[in-house]
Structures are given as C-alpha cells and as structure tokens.
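**Student:** Start from the sequences and build out the full structure, keeping to the hints where you can.
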Amino acid sequence: MDTVDASVHYSQAIDEKPSLLVLILDTNPYAWSTLSATLPLERALASILIFLNAHLAFSHANRVAVIASHTKSARFLYPTTTTTTTTTAAAAASGSEDPLRDANKYRQFRIIEDQVQASFAELMNQTTAGELVDAKETMMAGALGLALGYVNRLVRVDDGGVLGAGAAGEVTSMNARILVISVSGDLAEQYVPVMNSIFAAQRKKIPIDICKVAGETVFLQQASDTTRGIYMQLEHPENLLQYLMMCFIPDTATRRHLVPPTQINVDFRAACFCHKNVVDIGFVCSICLSIFCTPPEGAICTTCNTKLDISALGNFGGNPAVVLTKKKKTKKLKQSKATSFSNEASATSTPGTPAS
Amino acid sequence: MSGNIRGFGYLESLPPVTFRRLYQQPATALAIFRRMLPNLAKTIVTTLLYNETPVALGDLEALVRPESYRLACYAFSKLRRLHIITENNLDVSLDPVFKKNFRLALTGGHVWLLSGGDNRGDHHSFGVPCNTEDKKKITVQFLDDYATRQFEAILHYMVGTHNEVKPSKGVITLLTKGGLMERHGAGSVATITKNGFSFLLQDGNPQIWALLIQYLEMSEELGMEQTDVLHFLLMLGSLELGQAYSVNTLTETQKLMLADLRDYGVVYQRKSSSDRFYPTRLATTLTSESGGLRSASASMSSAMVKDAEEGKGFIILETNYRVYAYTDSPLQIAVLNLFVKLSTRYPNLVSGRISRRSIQEAIKMGITADQVIDYLSAHAHPQMRKSLVTLPPTVVDQIRLWQIEGERMRTTTGFLFKDFHSTQEFEEVAKYAEELGVLKWKKPARRCMFVTRHEQIADWLKRRASAQQQQLKKAAA
Chain A
1 MDTVDASVHY SQAIDEKPSL LVLILDTNPY AWSTLSATLP LERALASILI FLNAHLAFSH
61 ANRVAVIASH TKSARFLYPT TTTTTTTTAA AAASGSEDPL RDANKYRQFR IIEDQVQASF
121 AELMNQTTAG ELVDAKETMM AGALGLALGY VNRLVRVDDG GVLGAGAAGE VTSMNARILV
181 ISVSGDLAEQ YVPVMNSIFA AQRKKIPIDI CKVAGETVFL QQASDTTRGI YMQLEHPENL
241 LQYLMMCFIP DTATRRHLVP PTQINVDFRA ACFCHKNVVD IGFVCSICLS IFCTPPEGAI
301 CTTCNTKLDI SALGNFGGNP AVVLTKKKKT KKLKQSKATS FSNEASATST PGTPAS
Chain B
1001 MSGNIRGFGY LESLPPVTFR RLYQQPATAL AIFRRMLPNL AKTIVTTLLY NETPVALGDL
1061 EALVRPESYR LACYAFSKLR RLHIITENNL DVSLDPVFKK NFRLALTGGH VWLLSGGDNR
1121 GDHHSFGVPC NTEDKKKITV QFLDDYATRQ FEAILHYMVG THNEVKPSKG VITLLTKGGL
1181 MERHGAGSVA TITKNGFSFL LQDGNPQIWA LLIQYLEMSE ELGMEQTDVL HFLLMLGSLE
1241 LGQAYSVNTL TETQKLMLAD LRDYGVVYQR KSSSDRFYPT RLATTLTSES GGLRSASASM
1301 SSAMVKDAEE GKGFIILETN YRVYAYTDSP LQIAVLNLFV KLSTRYPNLV SGRISRRSIQ
1361 EAIKMGITAD QVIDYLSAHA HPQMRKSLVT LPPTVVDQIR LWQIEGERMR TTTGFLFKDF
1421 HSTQEFEEVA KYAEELGVLK WKKPARRCMF VTRHEQIADW LKRRASAQQQ QLKKAAA
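Here the protein sequences come in this chain order: A and B.
Counting along the first sequence from 1, when you hit position 113 you're at 113 in our numbering, and nothing is skipped either side.
Heads up: take any position in the second sequence, counting from 1, add 1000, and you land on our numbering.
In short, the hints are calculated from the structure, not lab data.
Heads up, some of the hints might be wrong.
Stated by the list, open to error - Under the rule of at most 20 Å between Cα atoms (straight-line distance), these lysine to any residue pairs were calculated in the SDA-like manner:
#1 B:Lys1100 with A:Tyr191
#2 B:Lys1100 with A:Gln242
#3 B:Lys1474 with B:Gln1456
#4 B:Lys1431 with B:Arg1463
#5 B:Lys1100 with A:Arg110
#6 B:Lys1431 with B:Arg1464
Unchecked claim - Now the in silico label distances, taken between C-beta atoms and shown as ranges:
#7 A:Asn239 with B:Arg1408: 53 to 63 Å
#8 A:Asn265 with B:Leu1416: 31 to 41 Å
#9 A:Arg228 with B:Arg1400: 51 to 61 Å
#10 A:Asn239 with B:Glu1428: 49 to 59 Å
#11 B:Asp1370 with A:Lys72: 51 to 61 Å
All C-beta atoms, glycine included, are put in the ideal place defined by N, C-alpha and C.
**Tutor:** Take a look at the structure:
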C-alpha cells in the first residue's frame, strides 16, 4: 500500500471509552396502530434490536438498557431485574432446541434479543383493552427517570475513584446517552417531571437523543436541545433502521468530530401548571417560577401558596396604553453635527460657537 | 524498540484476497469491525451498512467536521487498508462480502430480523456449544487458574526462573522463531532477547496477540490454511467463558490448532481426544480492545487473569526514586530487575531504586521509557492510586529525560519538495501537507519542504493543475 495515510501520526491509541446506551421505546399501542401502514411495531422492534447489536458491536465493554414507556407505566425490558420464568424459559428453550442454530448468533446479541422480546411480549399481554381507552399518553417522565437512575448507577460504579479522590488518571467512566424513540405526541401532563429529568440529564452531561417517528412534542425537542442531543423527525418512518444506524449510532466522543444532523428551530414554549396547556405568553409566580395560563384563583400560587399581588399586573391582556412623552430637545450638539438641517439646532447655537 | 514485536496490527498487511476470505465468516467480520477500527470508521460502516446504493465520498466526508479532517483521513485509510470499503469513482460502498456477513452477524440470521436481500446463513461461526453435560464440571475459576498457569509458565520460562510447569516444545519453538528468545548453538539453553524483554513489559492482551500472530506465521510454514487459523482465533473472542464448545464442527486445521492453543492457556481440553473445548479468559478477551480492557472492564469484573491474580497492584514508587514492590513472584521480580536496581529482598517485599544507569541499561535492551512508566502505573499499589497522579511526576519526567539523553538525533526518511513557481503555490502545498500530517520541515525563504510521504501531495498537485488548466480554457473560451 503506497497511498499516503495520516495514521503514522496517530500511533498512540485514541482514547475510546466504552459507552452506555439507554433506549427508551414509546410502546403506546394506540400511537403505533396509527403507524401500522408504514412501520408496524414488530418491524420497528427488529430495527431497534439490530441497532442495539450494532451498538454492542462497537466495543466489548459497551452496554445497553431498554426501557418501555407504556401508557401508564414505564419498565425495563432489558436488563430485567426480576428474571421472570418466561424469559429464562425462552432462553433455555432456544438454547437446547438447536445448538447449531445457536451458533449463528453472537451470544451477547442473543441474550438481549431474547430478553427484550420476552419482556416485550409480556408487557403487551398484560395490557388490557380497557387500559387503552383514551390512552394517548406515554409515561415518558417515568421512563426518563428510570433511565437516569440506571445511568447513574452504572457510571457511578466506575466513577468511584473520583469520589474517593482516587487516581483520576486511571478512571474511565462510561459515556452514557439516552435515546428516545417517540411516537405519541403531547407530554404537557408531565411537563414538570419531564423538565426535571431534562435538567438532571443536562447536569450529568447525558445527551438525550430524540428519534421522533410520529407525533409532535415540544418538550422532547427542548430535551435534546438542552442536553445537546440529536433531534430527528423522521420523514420516512419505514426507514427507521437507516436513520438509527446513521445518526444515532455515534457515541458522545465520536460526535465531537461529526457535523450533527441539523435541528431546525426549537420550540421553547412551556406548559402551564394549571391546565397543562402549551402557552406562548403566561404568568409566572415571582417566588417559585410556576407557570400559569391565567392568574391563579384567588391570586394564590398553586405550587408554593404565595399570595400574589395581581394588581401589579394592571390591565394585562387589554389594549396597550400608549403614553405620549414629550420630545426632549437636544441641548448640546457636536460641532460637526451642528450644521444640520434642523432649524431648532441652529436656533440654539450657531456653528462654531460653544453652546455654553 | 517494541516495533519488532508485531501485534494485532500485523493483520493490516495481509493481502486483499485474505481479507475477502476472512469476511466470509460473520464472527470474523464482527471481530475485525470491533477490534481494528476507530470509532469514526465504525460509524461510517454502520452508515453504509443498510444503504443499498453507493454513497459519494464527498457526502461521507461532509459528515465530519472540518476540524476533525485528520481523524476522517485516518478512518478512511483504515477502512481502505482493511478492504472494508470499495471505491468506484468517488463513490463509496462496503465490500459486498463484508456487508452481507456483518449484517448476518448483527441479525443472527433471524428470519424476522431480516431486511431486504439477506438470506439466512448457517455459518456457525460463533461456535457450537456442547449441550451434553460434562462428566466433570469445569468452573470459571478452574479455567482462570489453568490459563494463568499456562501463560505464566511461558513468561517464567522466558526470564529463566524455575517453575513447576514447563512450557511445551511447541511454545519454545514459537518463542525462538519469534525472536523473543534465542539459542546460541544447538542444545544450549535459550536466553531472552531484547524483543523478549519489551514483550514482558506489555499488557496481557498484546502479549497473547504477539504470540498468536507469530503462531499464524509459523502455521503458514507448516502448511495450515491461514484464513482458517485466523477465523478460529477471531471466533474465540466471541465465545463465552465457562461454556463448553463442540469440536466436531471445526475444520481439520482448527482441530490441530486446539492442541497448540491449549499449551498457551487460551483454550482448555481435558484430553486431546475430548470432543469439547473450553475457551479461557485469555480467549474471550482476544477481541476486546486493548485499551478498555484493564481500566474499564475491571469494574465489570472481567479483568484480565493476570491483574486479578496480582491483586490491584504492588509497586510503590517514591519521589526519591526508591521502589518498593510487595511481591514474592520470581516473574515480577525479574521484570522489575530489568529497570530497577534491586537491593534488598524480604519474604514479601523487594526494594531498590531507579537510577540513570538502571534506566539506561533497560533502554539498551530495547525497553522504552514509556513502557517502564506504563508498567509502573499499571501495577501501582492502591496506596499510590489515592493521589491524583499515580506516579510522582518528577520521577516520570526524569525517566523520559534519561531516554532522550540517548536520542540527540532522529532520522526520518522522506521526500524533498523544491523549486516551487511562486510563494503562494508553496504556501498552499505546505498547508495541505500539514493538514495531512506528513510535513516534517519547511523553509519558506528557500521554498522547499520535507515530507514523509509524497503520493497524496503529488496527486493533489496534479488535480489542482488540471483544474487550473480547465479554468484557463474556460477563460479563453
């Protein structure tokens, strides 16, 4: 090979830390059913599993976790803390069934696949039709909370040295990131917990990536924006795998070298605490910064119970009163500007003479 | 210089045909992807993996920030050298064989995971587990002990300490062939060479690879199929510790290999006629990245056998250059003796000091200052790790300075560019060369510069010249 390469100068290994990926899958059946024409849930799950495998293929030490954000609850699909009988049985069955078939698959991949599928099936079996009535929401706040907790636990183990003022040079904590695959819209109900999770992630420097397959949520956009994650609204949901493999695969360290997929104008609006409406302009409690779409009843903040002075608002919302102010005369003008067209100026001072 | 010991990087020099054949096994494709590519290159591979049509090189390069241009160059050159990407007129696509098998590795051939054009392959490249119960249960602990015993025996043999386990003849041949040890005259006892010393100072994983690569070369002479050997080695990395695997599906070559690998402690077989084998930790960590192994995985309780056995570390280095090592292992003492002047030995402790002479002697033997420092920090006593910097900086600096003392002049082979038409042209070329990282020296006053490689610059100059000509033509027309 005679071609020039710059690798000679990179003889020292580039520091590549292992990374942890926590994937939050929005499993709201209602939202997925609307997508069934382009991207049925099974296919999406298959794509996601390939994506997870690819992430694990990056490095031996890479880790994943999968969390389902269901209609009323959030739970781990992998790793499951309570190894249910079904999952172990499934794993055992596939193991003993056909050892030759087993050999076609990297073991780590198989374990994850089996477990995710088993716990996913379990989750779906437990979901009754009754629960789904009017269940357009998804427990995103809970899922984000679980994800952050998990990240904290795994990364903290590695960080032990830093806390104990140990050898900082040796410690390599994992890079962690959260990826949300979201299909349902409107999270206004969970505005406060979601925002709290976002700020926690921001503090911990954990980027939250959003892969928006369908729907529209203001707060997830803000989540990726504040945590410097990637926000992607998929134009062609059927190509989910391609999107995942291209935009969401690089870890935080690699992203520094990549041009991020463009994020078009983030919607920074907030939801009010009283009716969970997304508001453009609202009222904010001066003590606790709670947001209201209309002044709260009795002028008492519902969050911190502070008596607010509504009178200070004046007639907010009415027509703006235009207060006319008198034009101030410019007393003193600079010599160069004094030769202006203004009559008044020339009346007070003649060019060349100081105004005093 | 450690450059004489070839590690994993040696694989890059294999011919394209070998690579094509290697990629026919999903496990191998996965192992090469995982172990040999930088993260940026991995990202490029995944980007291309599910793209059916080739992508323009410019588009791919546009993904990378301009500041990281060099990293991108590095990633692409790595991909080209491993023949993972093929280029056709600036269009880039993955090597079809690699693409197919890497997809298979990721999907595992599951019917429901398949997407367009894949067919399920029955490759069994991830090892066929043995499902029947072994008569005697083999525990992970046992495997670890076995691996450590075998591998330590090799190391002990190299430093010439007495050990109850003697390495087999095959191992000794391997060591002498690989230049780690040499025999002076037939029948005399082999002694360790310079290369052998720097080999000793390496981490466990590079050591094993150095041996295995040597083995690979030797196997070729013995008429074994090289790709078969490599397939097997890379497959070992994807097996699971403590699980028995069946011998029956292996090729003849691979069965032959088992006997040799058993000697290195990489796999365990109770009898050579046994129909199953167990990979040890040395095998299962083969394709882990060398860097992440010691530090990151340590907390994941999958640390290397050696580290686990030695405890967390045993060396205390003081600012007055004194070294105290809490050890009674002859191997560790022998290694320390390479660069420390040992003075006292107690039942569980040796002490000595690092001096200019001791370091110079080590350097004469081909050990670099960085190797010494790495060894010291890797085996530092927990007490030392409590401070922010593990090793006293004064000592570290001094060790480096002692090395530099001997290197007043450094030679670089390369090419001189001169006789540029204009200063502007010179500046442009110099800038380009600097971006590529090949520029060693330049003198603008005399318009000449020295670069380590010239092909890409020449290519660039040609392209620029033709572009300029076209512009001139356009201007004329």
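**Student:** Against each hint, give a clear statement of whether it holds in the structure.
**Tutor:** Verification of the supplied hints:
no. : hint                                : verdict
1   : B:Lys1100 with A:Tyr191             : violated (45 Å)
2   : B:Lys1100 with A:Gln242             : holds (16 Å)
3   : B:Lys1474 with B:Gln1456            : violated (27 Å)
4   : B:Lys1431 with B:Arg1463            : holds (16 Å)
5   : B:Lys1100 with A:Arg110             : holds (19 Å)
6   : B:Lys1431 with B:Arg1464            : holds (14 Å)
7   : A:Asn239 with B:Arg1408: 53 to 63 Å : holds (60 Å)
8   : A:Asn265 with B:Leu1416: 31 to 41 Å : violated (53 Å)
9   : A:Arg228 with B:Arg1400: 51 to 61 Å : violated (37 Å)
10  : A:Asn239 with B:Glu1428: 49 to 59 Å : violated (42 Å)
11  : B:Asp1370 with A:Lys72: 51 to 61 Å  : holds (57 Å)
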